[in-house]
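Visitor: Sequence:
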Amino acid sequence: GSSGDLTLTLSYMFRYVLLNFPAGVVPATRVREDETTWTGPRGLFGDKCSEALRGSAGLPLGVQVVSRPFREEVALSVMASIDE
1 GSSGDLTLTL
11 SYMFRYVLLN
21 FPAGVVPATR
31 VREDETTWTG
41 PRGLFGDKCS
51 EALRGSAGLP
61 LGVQVVSRPF
71 REEVALSVMA
81 SIDE
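Its first residue numbered 1, the sequence shown is counted upward by one per residue in the working numbering.
Everything labelled a hint here was simulated from the structure, so no lab data went into it. C-beta atoms are modelled at their ideal positions from N, C-alpha and C, and glycine is treated no differently. Just so you know, not all the hints are guaranteed correct.
FRET-style restraints, in silico, Cβ to Cβ [claimed, not checked]:
# : residue 1 : residue 2 : range
1 : Phe14     : Gly40     : 34 to 44 Å
2 : Leu44     : Ser77     : 39 to 49 Å
3 : Pro41     : Val74     : 12 to 22 Å
4 : Arg54     : Val78     : 30 to 40 Å
Computed cross-link-like contacts, SDA-like style, restricted to lysine to any residue with a CA-CA straight-line distance of at most 25 Å [to be verified]:
# : residue 1 : residue 2
5 : Lys48     : Trp38
6 : Lys48     : Thr29
7 : Lys48     : Ser67
Based on the provided sequences and hints, a complete structural model is requested.
Guide: Structure, rendered in structure tokens:
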């Protein structure tokens with residue numbers, strides 16, 4: 001329920017959609033129990049991050065793969081390699 005408050009944290013991926021770069025996300029690992037506490041700055045943003053991390057142990061952690069336009073096969077190949 002807090003993801004709407006953290007929309008700006010996703011801004012790094014919008015450029016690829018806007019520029020029509022092939023991109024995908026593949027799970028690479030899972031959130032560990034010791035990674036569920038926010039250690040960054042406090043304040044409104046920090047409180048929202050802390051809330052989002054609470055109870056996240058075991059959730060998949062993904063890697064975004066991006067390739068040049070019209071090179072979908074490259075993105076898919078790298079994603080397959082990560083998945084293996």
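Visitor: Is the Cα-Cα distance between lysine 48 and tryptophan 38 25 Å or less?
Guide: Satisfied, since the Cα-Cα distance of roughly 9 Å is no more than 25 Å.
Visitor: Between lysine 48 and threonine 29, does the CA-CA distance stay at or below 25 Å?
Guide: holds, 23 Å
Visitor: For leucine 44 and serine 77, compare the CB-CB distance with the range 39 to 49 Å and indicate the outcome.
Guide: Taking Cβ atoms as reference, leucine 44 and serine 77 lie about 41 Å apart, which means the hint holds.
Visitor: Taking 25 Å as the top limit, are the C-alpha atoms of lysine 48 and serine 67 close enough?
Guide: violated, 32 Å
Visitor: Verify the CB-CB distance for phenylalanine 14 and glycine 40 against the hinted window 34 to 44 Å.
Guide: violated, 22 Å
Visitor: Is 30 to 40 Å respected by the C-beta to C-beta distance linking arginine 54 and valine 78?
Guide: holds, 32 Å
Visitor: Is the gap between the beta carbons of proline 41 and valine 74 within 12 to 22 Å?
Guide: violated, 37 Å
Going through the hint list in order, the structure does not satisfy hints 1, 3, 7.
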